[in-house]
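Work the whole structure out from these sequences, hints included.
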Amino acid sequence: MSSLILNASTALGLAGLYFLLASGLSLIFGLMNVLNLAHGAFFAIGGYAAWWVMDTLEIVSSLGLRFVIAVAVAALAGLVVGALVERGLVAKLYGKHLEQILLTIGLSYVFVALLGGWFTYDPRLMTQPAWFGTTTEIFGANIPNNRLLVLAVAVVALVGLLVFLNRTRHGLIIRAGVENAPMVRALGIDVGRSFTIVFALGGLLAGVGGGLAAVYFNGVSPSLGTAQLIFAFIVVVIGGLGSVPGTAVAAVLVAFTQVFANNYLATGLGSISVVVLLALVLLVRPQGLLGRAGT
Amino acid sequence: MTDTATALLTIEDLNVWRGEAHILHGVSFDVPRGQVTALLGRNGVGKTTTLLALMGLLPGSGSASMSGQELVNGETHLNSRLGIGYVPEDREVFSTLTVSENLRLAERPGAEHRYGLVYELFPDLAIRPDQEAGTLSGGQQQMLALARALLNPNELLLVDEPTKGLAPIIIEGVVEALVKATSETTVLLVEQNLTVAGDLATAAVVLDQGSVVYTGGMQALAGDRALTGRYLGVEVR
Amino acid sequence: MKRVYPILIVAALFAVAPFVDVGIPFVFGTEIGSPGTLLVLGIALTFAALAVSYDILFGYTGMLSLGHALPFALGVYGTNLVMIHWGLPYFAASLVALVGGVLIALLLGSLALRTSGVAFAMVTLAFAEAFAILVLTDPLRIFGGEEGLPIAVDHLPDIFRGVVNTRYVYWLALLFAVAVFMLARLVVTSRAGRVWQAIRENEPRVEMLGLRPFAFKLASFVIASAIASAAGSVYLLLIRGANAGTTSALFTLGILVMVVLGGTGKLWGAALGGFIYGILDLRLSEVATSDFIADMPTWLGGPLSEPLFILGVLFVLLILYFPGGLISIPGQLRKARSARRVGQ
Chain A
134 MSSLILNAST
144 ALGLAGLYFL
154 LASGLSLIFG
164 LMNVLNLAHG
174 AFFAIGGYAA
184 WWVMDTLEIV
194 SSLGLRFVIA
204 VAVAALAGLV
214 VGALVERGLV
224 AKLYGKHLEQ
234 ILLTIGLSYV
244 FVALLGGWFT
254 YDPRLMTQPA
264 WFGTTTEIFG
274 ANIPNNRLLV
284 LAVAVVALVG
294 LLVFLNRTRH
304 GLIIRAGVEN
314 APMVRALGID
324 VGRSFTIVFA
334 LGGLLAGVGG
344 GLAAVYFNGV
354 SPSLGTAQLI
364 FAFIVVVIGG
374 LGSVPGTAVA
384 AVLVAFTQVF
394 ANNYLATGLG
404 SISVVVLLAL
414 VLLVRPQGLL
424 GRAGT
Chain W
69 MTDTATALLT
79 IEDLNVWRGE
89 AHILHGVSFD
99 VPRGQVTALL
109 GRNGVGKTTT
119 LLALMGLLPG
129 SGSASMSGQE
139 LVNGETHLNS
149 RLGIGYVPED
159 REVFSTLTVS
169 ENLRLAERPG
179 AEHRYGLVYE
189 LFPDLAIRPD
199 QEAGTLSGGQ
209 QQMLALARAL
219 LNPNELLLVD
229 EPTKGLAPII
239 IEGVVEALVK
249 ATSETTVLLV
259 EQNLTVAGDL
269 ATAAVVLDQG
279 SVVYTGGMQA
289 LAGDRALTGR
299 YLGVEVR
Chain X
6 MKRVYPILIV
16 AALFAVAPFV
26 DVGIPFVFGT
36 EIGSPGTLLV
46 LGIALTFAAL
56 AVSYDILFGY
66 TGMLSLGHAL
76 PFALGVYGTN
86 LVMIHWGLPY
96 FAASLVALVG
106 GVLIALLLGS
116 LALRTSGVAF
126 AMVTLAFAEA
136 FAILVLTDPL
146 RIFGGEEGLP
156 IAVDHLPDIF
166 RGVVNTRYVY
176 WLALLFAVAV
186 FMLARLVVTS
196 RAGRVWQAIR
206 ENEPRVEMLG
216 LRPFAFKLAS
226 FVIASAIASA
236 AGSVYLLLIR
246 GANAGTTSAL
256 FTLGILVMVV
266 LGGTGKLWGA
276 ALGGFIYGIL
286 DLRLSEVATS
296 DFIADMPTWL
306 GGPLSEPLFI
316 LGVLFVLLIL
326 YFPGGLISIP
336 GQLRKARSAR
346 RVGQ
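Chains as they are written, first to last, in my numbering: chain A, 134 to 428; chain W, 69 to 305; chain X, 6 to 349.
Just so you know, the hints here were simulated from the structure itself, not pulled from any lab data. One or more hints might be untrue.
[As the list claims (entries may be wrong)] Just the calculated beta-carbon pair ranges, DEER-fashion:
(1) X:N207 with W:L150: 48 to 56 Å
(2) W:S279 with A:L209: 53 to 61 Å
(3) A:P315 with W:S135: 20 to 28 Å
Using N, Cα and C, we set each Cβ at its ideal position, and we do this for glycine too.
Shown next, in the form of structure tokens:
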């Protein structure tokens with residue numbers, strides 16, 4: 134029983150990471166029709182930002198506080214990079230969806246190589262508050278606290294994102310734009326600004342995800358994002374492109390499939406099982422769980 | 069013929085391509101201020117294309133100027149802010165947003181939001197503000213699309229086939245609303261239903277194969293069997 | 006048949022490479038005829054063939070597959086595994102791997118084609134990644150994991166063994182590339198090829214004409230995968246083993262880069278892109294580890310020592326300014342020059 138709880142909490146933590154990475158991707162695609170292959174790099178950039186803060190900001194003696202700052206810096210780094218990439222590069226290829234995708238591919242090479250060139254490809258261990266390494270007892274199982282942390286942050290992000298989308302004007306514009314961007318323009322609204330907001334938001338979420346991933350995986354390396362990006366894609370497709378609730382549900386589904394397959398079938402079969410899950414969803418409901426038919 | 073002094077919108081030599089196809093060939097006509105002008109013609113002749121070009125949703129060459137501002141190749145949201153309300157052919161309401169959210173989105177900052185007028189014209193919308201627009205009936209969606217365009221005090225309304233696919237009794241309601249709403253607004257109305265066009269419009273422009281073949285009064289056109297037969301393929305009853 | 010002449014001339018030029026004693030400084034480390042450079046050329050030619058196969062799928066049919074490394078890797082690993090475990094000689098093993106590749110392409114293609122556009126891209130990427138993970142984690146203990154599988158030398162014909170016989174491997178690669186090019190040209194100029202292009206332009210219209218896009222798209226997918234699989238068999242011979250690099254996301258995206266680099270829409274554009282990518286990929290690592298770069302300060306030298314950085318930056322610049330690829334550059338420059346002359 135306790136191993137079940139442990140696996141479930143591991144899966145929930147992983148689901149949190151997938152959600153943070155995939156939600157931005159889903160929105161960017163839903164609104165702009167851009168497949169942002171540089172998204173994994175945003176993740177890695179966030180991871181390195183957090184690592185760097187933990188490593189250098191020794192004037193903040195409390196590791197817990199330092200970690201909060203680290204995540205904030207990671208979020209900021211992701212936001213800035215996301216906004217700059219959109220404003221400076223993606224926007225220049227307005228309307229040319231294929232070129233935009235190709236651009237993000239080139240950028241993913243550049244960012245990963247940049248990180249590798251500066252920090253080398255060896256994984257860097259991250260200084261962490263002691264509390265992360267300890268466990269909390271829940272229903273008789275000892276859950277590592279870092280899993281709980283990731284889950285908590287992801288839930289906060291989910292709620293924040295839903296509030297933003299459903300209660301603010303910007304969110305309203307984005308939700309409408311995901312369905313029909315030209316009509317939003319015809320109402321006199323500059324959707325281009327929303328493009329930048331969505332990219333920045335995606336970058337922020339990925340940055341936070343990267344900072345937390347550094348904790349979850351106990352280290353950061355330039356390929357941190359690329360390894361997880363593929364799972365993020367699968368989550369986006371299963372959840373339905375452009376749907377935040379769909380991404381949340383799919384993240385849980387994918388993470389549980391992966392963790393439980395790895396533990397109860399055989400190590401290494403987790404990823405294959407996820408792909409099988411993808412194939413099943415494609416057969417039964419190609420638009421994704423909460424996606425609109427015809428997308 | 070209207071003289072340009074009383075024209076709100078002057079279109080000159082408008083050429084629009086869709087891919088390789090040359091849809092509009094040097095279209096020129098005026099849209100007189102304060103009246104409803106019907107834009108007529110058979111299917112595929114370029115009526116919707118004209119509206120799209122005016123909204124900057126399709127690129128083209130030539131000129132379409134409204135109050136001194138050029139619309140052709142303009143940025144859609146900027147064209148809209150000049151005071152144009154656009155009601156597209158397939159309504160294009162945002163199906164995942166509620167009725168009130170659809171209207172809220174249409175609120176132009178700094179302009180008056182005429183909810184009173186809109187709810188008076190379309191009481192059906194007033195009673196269901198939180199209903200998802202995708203679950204509305206065809207007629208209700210059409211009313212929502214019209215409401216969006218009427219919410220702000222727009223100078224020009226571009227309305228594309230508002231009665232398409234609607235049952236006759238619904239059409240009556242839409243026409244009634246349009247008559248009330250457009251008593252002093254300038255409207256360019258694309259319509260296939262000639263009876264509706266006849267009820268609403270005072271001026272008419274007929275397109276055939278991408279060119280203008282008639283401009284003049286709506287009633288004069290309606291009474292001319294030869295014209296309607298040749299260019300519209302049907303009689304006005 | 007007149008159009009065959011250019012390709013035959015190019016083939017003839019490449020065929021004499023093993024006899025050339027001079028080198029091209031900076032581009033190659035040794036003379037063209039040396040085994041090292043012949044291998045580089047051979048790999049570049051194989052990439053050219055791979056790029057042509059992708060052009061059929063992406064350039065002509067408009068299907069953005071991000072998983073084209075999968076059939077290629079299947080060819081590399083499959084051929085080697087069949088030689089090792091079933092003892093078949095090289096060419097027979099390649100054939101078996103090809104058949105396997107086609108069957109898998111049929112299965113995966115049918116699944117993936119339930120989506121289109123970006124979802125299709127993500128799904129194909131997912132499938133390719135699944136294979137990459139399978140190879141790395143190697144639960145069945147057959148793939149050799151990160152180290153890969155050295156080639157089963159015993160099952161190679163004598164003519165392909167040993168460094169002295171590199172020229173024969175090179176000529177095989179050349180023959181293969183030429184054959185692929187001519188086959189591809191035949192296929193894209195056929196009726197099916199025209200339907201593919203119609204699908205790329207306007208799929209709903211194709212349906213309205215009474216044709217079934219799904220069947221044509223699947224055919225395009227399978228043909229492209231078959232060629233890629235065969236290319237994998239040739240690649241195995243060139244690099245003397247199967248390694249996980251061919252399954253990576255980097256490589257599968259690299260195939261897209263190859264075709265975009267050269268320019269879609271013309272088969273020889275894709276071939277050029279694949280060829281240049283191959284040269285760059287192999288030779289940039291040389292530049293990266295040179296003293297010139299090592300003497301730079303870390304913040305500059307670090308990234309510059311990464312071949313991917315240079316490639317990535319070049320690619321980004323290409324997309325921004327010459328999205329039509331290398332073959333579009335002369336045309337665009339000509340247009341710019343004449344525009345200036347007219348005084349615009």
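20 to 28 Å as the expected CB spacing between W:S135 and A:P315, which holds or is violated: holds (24 Å)
Just to be sure I understand the hint, the distance between the Cβ atoms of W:S279 and A:L209 should be within 53 to 61 Å; is that true here? holds (58 Å)
Given the hint of 48 to 56 Å, check if X:N207 and W:L150 actually sit that far apart at their C-beta atoms. Roughly 34 Å apart at Cβ, these two residues miss the hinted range, so it is violated.
In summary, the one numbered hint that this structure violates is 1.
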